[in-house]
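Chain order of the listed sequences is A and B. Each residue of the first sequence is one higher than the last, beginning at 1 in the working numbering. Each residue of the second sequence is one higher than the last, beginning at 174 in the working numbering.
Hints may be right or wrong, so weigh each one.
[To be verified] Only pairs whose alpha carbons sit at most 30 angstroms apart, straight line, appear in this in silico BS3-like list of lysine-lysine:
(1) B/Lys-181 / A/Lys-3
(2) A/Lys-3 / B/Lys-322
(3) B/Lys-433 / A/Lys-2
These are computed hints drawn from the structure, not numbers from a lab.
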Amino acid sequence: MKKLGRNTLHQVSLELNGVARSAMCEPRTLLSDFLREALGATGTHVGCEHGVCGACTVQIDGVASRSCLTLAVQAEGRRVTTVEGLCDRGGPLSDLQEAFHRNHALQCGFCTAGILMSCGDYLRRCPDPTEVEVREMLSGHLCRCTGYTPIIRAVLEIAAARRAAHASSALET
Amino acid sequence: MAGDLPVKPQAFDYVRAETADEAVQQLCELGPDARILAGGQSLLAVLNMRLATPTALIDISRIDELNYVRAGNGMLAIGAAATQASVEWRPGLAQEVPLLTQVFPFIAHLQVRNRGTVCGSVAHADPSAELPLALLVLGGEVVLRSASKRRTLAAADFFRGMLETARAPDELVEEVRFPLTANGERTAFTEFSVRRGDFAIVSVAAIADAGGLRVAVGGVADRPRLAQLPAGLCGADLDTALNDFSWELEAQDDVHASAKFRRHLVRRLGAQLVRRVTENRS
Chain A
1 MKKLGRNTLH
11 QVSLELNGVA
21 RSAMCEPRTL
31 LSDFLREALG
41 ATGTHVGCEH
51 GVCGACTVQI
61 DGVASRSCLT
71 LAVQAEGRRV
81 TTVEGLCDRG
91 GPLSDLQEAF
101 HRNHALQCGF
111 CTAGILMSCG
121 DYLRRCPDPT
131 EVEVREMLSG
141 HLCRCTGYTP
151 IIRAVLEIAA
161 ARRAAHASSA
171 LET
Chain B
174 MAGDLPVKPQ
184 AFDYVRAETA
194 DEAVQQLCEL
204 GPDARILAGG
214 QSLLAVLNMR
224 LATPTALIDI
234 SRIDELNYVR
244 AGNGMLAIGA
254 AATQASVEWR
264 PGLAQEVPLL
274 TQVFPFIAHL
284 QVRNRGTVCG
294 SVAHADPSAE
304 LPLALLVLGG
314 EVVLRSASKR
324 RTLAAADFFR
334 GMLETARAPD
344 ELVEEVRFPL
354 TANGERTAFT
364 EFSVRRGDFA
374 IVSVAAIADA
384 GGLRVAVGGV
394 ADRPRLAQLP
404 AGLCGADLDT
414 ALNDFSWELE
424 AQDDVHASAK
434 FRRHLVRRLG
444 AQLVRRVTEN
454 RS
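Work the whole structure out from these sequences, hints included.
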């Protein structure tokens, strides 16, 4: 059992995008604030802070989760992936990011980091989604610019591309 | 104030319990101002808005012995640390408890179901939450555990009012049990909300089996409510029964919908679902 007292700082260590990181925070500090303010990973955005808008979505041990509805102390020892982990700084974008770019699936980009983190988890679990299923998954994200249509197009495009790549690599071996 | 990070909830002590015994011991020691934290998908929203100000949170999310979903003895038993997603993505759920496969897509969003727990939603007892409604209409059970004893309550006895349950302050909702589907049972669920994933203005579940017809409604009264109707009820008799039920719920006007609109939805969605569970399969 671990007890952490209120109003005092405690060390929280986690793996952020493959790198061991740690910083001090109170038990009440949200993971979203911990990532942005304590670790400086500001790619994760903060919108409604009650789980509705989806902007703060990150992956915890690969599972898309609201970082505003998770305490930093709950992420102790976990593997946290944020939008910064999708590609190397200055390196080529990931396939999903390229597809968002190609399809104009973002305008202001505020919601995009969260949407990308949801899509990554979702496509691993559900590699051949229908348009209705993609819409259902995206219902957990608010986007006030795009009208969603280009986002859906980008997600379906990448799902199909990944399936084709998987099929051809299966043929090679 | 320690550090210079932004804060939202009021300060609390955090206890990470490693066993269920530890969790209930802590609940007993820390008193009624301590709260259990599992997925946190209802609790943290409430804390962020400071609608609740517990002095301590007891985190049970890493307790392996509470993280299970098991079918046996006619029930699907779900432990306190099991996420909604772990039930939703369970192979065979449609054969075990078909109503749950109909209900899950309406519960908040995928990203919330990934962390939110089934027991947590039942313990929170929001009057418009889907899982309490499903537990009630199916005749499920809630297992409560304190440091000194364990007791099992029928769902109908567990939900007492708006965010109020029969749980004593020193008790943990250790497990909820949904009855496995019986032969010939037919189920349906739907709800009306302003946006997908929002709290339901009205949610309705219907079950038809050899014993008759059950219709349950969430989002209207202070807790999910159940009506037992005679098998084969249809036409004007069904309309009358649903209208009576809609008035019994004592709907209130609020910023989301008028009482009149809620009664309308109970009648319309109720009739729609009763047709779905009683008409011949095409």
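Hint by hint, here is what the structure shows:
Simply put, B/Lys-181 and A/Lys-3 have alpha-carbon atoms about 20 angstroms apart, close enough for the 30 angstroms limit, and the pair holds. With a C-alpha separation of about 25 angstroms, the suggested pairing of A/Lys-3 with B/Lys-322 holds against the 30 angstroms cut-off. The hinted pair formed by B/Lys-433 and A/Lys-2 fails the criterion: a straight-line CA distance of about 51 angstroms is larger than 30 angstroms.
In summary, the structure is inconsistent with hint 3 from the numbered list given earlier, while agreeing with all the others.
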